[in-house]
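*Asks:* Line order of the protein sequences matches chains P and Y. The first sequence begins at 0 in numbering that gives the first Met the number 0 and counts up one residue at a time. The second sequence begins at 0 in numbering that gives the first Met the number 0 and counts up one residue at a time.
It is worth saying that the hints were derived from the structure and are not from the lab. In this text, a Cβ means the ideal position worked out from N, Cα and C, and glycines have one as well. Mixed in with the good hints there might be a few duds.
[To be verified] To spell it out: a stretch of chain P is covered by chain Y in this simulated footprint if at least three of its residues, at any positions, have a beta carbon under 8 Å from a beta carbon of chain Y; those stretches are:
1) 7-20
2) 60-68
[What the hints assert, rightly or not] Here are the simulated SDA-like pairs of lysine to any residue, each with C-alpha atoms no more than 25 Å apart in a straight line:
3) Lys469/Y with Val21/P
4) Lys475/Y with Gly18/P
5) Lys45/P with Val21/P
6) Lys469/Y with Ile70/P
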Amino acid sequence: MKKSNLKLQSNLMVESIDGVEVKNYKYQIRYFPGDFAALIEPTRMKDVRIREMYFTSQQIIEYQQTIVCCICKKPCAGTCQRRC
Amino acid sequence: MVGFGIDFGTTNSVAAAFNGREVTSFVDDKNLPHPSVIWYQGDSPPIVGRKAKDQIRAFENTHGNKFIRSIKSQIQKKEEFNIFGKPKYTWQVASEIFRFLKEDAEKRYRNFPVIKEAVVTVPLYFNGRQRRAIRTAAEIAEITIKTFIHEPFAAVVGYLLADQNRWDNLKQRRENILVFDWGGGTLDITLVKLDSGCLYEVSTAGVNGKSGDYFDGILMNYVIDKFQKEKGINSEAFRIELGIESLLLNEVEFSKIDLSLKHNSSIELSDFYSDNQRSYNLFQDINRSQFESLIQLQIQDAMGFVDKILHDARLQASQINQVLLIGGTSRIPLLINEIHETFGRTKVIELPNADTVIAEGAAIISYYNWQPYLVQPIDIQLADQSHYTVFDSGTILKPDTAKKEVVFFCTDNREGEARLIITTNFDNREHQVKEIINVPVSEVLQDIYKERIVADFRVDRDVILQVRAKGSVKDKPIYTEIHDLCYGLRFA
């Protein structure tokens, strides 16, 4: 058994088993990490109204954490506590 | 119909048959299992078993003779043996033992059909490579291995099912059985759980060496020391002929066995030693307490392993329902007393067929065609932190049932690889990673919608999980094998 302190994350979801499709496989986009989803579907992610239809709240949070703050110039996710 | 079982042991091997009513072990002329010793002499076919063992000391250092012992413990090695200039792989050497067991049964137990297929037992710690090598060895001897079963499970089956009366309520019984297997070469202690017709391992411990053969050596040195002191012979100048040493080792072994039954034993050898034209006979009385004082430390160590097993399983000695003592070394009274003290006299079962019970259990398993089953499920970690179970616990591990093709989609291709993380868990504890397979995928971001990973999971005849996984980038799938599946036996 391989042992490692590094916590690796899977990047796979099941689509079908022995040729039988599993439920929800069509919502592939909802399993992308938020920052990656923004790269793949930038227009959908940037539009506040549309993104809530397509993405999960977790993805939106992940995306927001990548946005560079206009004040501190870092992806601070609002933690710099300054206001634009 | 007859079911055959083979206990391919480090020190001794034996086959057994079960015809639905009674079990028969194919032991040698002395009613003992066959020593796992192979004696090559030039181009002639090798001699296997007791005949070979009896001649080790006499011919081991003589040109034109080569003895191979404990081949089982070397079975996974890739190096070849050099047998008089001819290279032989370990499994080719091991095949001689299977061939011998088959031919000996054919010659001396004529009421039974020829052994063409059998259930073969393996230690718990044997991995898939070792099982595969044993299968190759058996196939060279034209024996097909129906399945591999762990030795302690076969022992429990051999004990529980040999007697028709013990079959009652077996499906309902829940017991903790400690299998204490101390043979010539190894000590293996396993806590086996019997639960609703299934057997599985809870914890295990043991050690190689420090067993029956080692005790023979200790006793032989003691006898020689005592002889030198009695006769006033200088130990530095003391040399005995190899043939005599071989005879002494035999005598010592029988004396050791004798001391498990009686309080005293004696060793006699005429013309044991000659010095300056003077010949000495060996005559020594040995009593049980002398022998026990020589091996006291090893017995304490063995009891330490018992404590460890109970500690690992978080059980008290009172929670153990039965203790099975198997293997010749577990007949030593000092050990039996210690086990009685720990578990209580009534729970300890001293099997009269301790040398053959494993093969007998395997024969019963073969007759009923019982199969190994998966104890710990095989899961795949998914991107949303959940797990998909490829094979659930309880899956029968046969090639035609334990197979599945799963198609995955990728949720992030920025690193150019998909991570297939194979895990297992026991009793719903934390998942443990067994293997990570990195499958190359396209790094073009928009290809994410097209990218699919096709993974094929199947368990082969040697209880090895084979995984093939393929993405869109390479034509050839990534292949890996998992050799340490945790499996039990379902028998009711």
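*Asks:* What hint numbers does the structure not satisfy?
*Replies:* Violated hints (numbers, rising): 2, 5, 6; every other hint is consistent with the structure.
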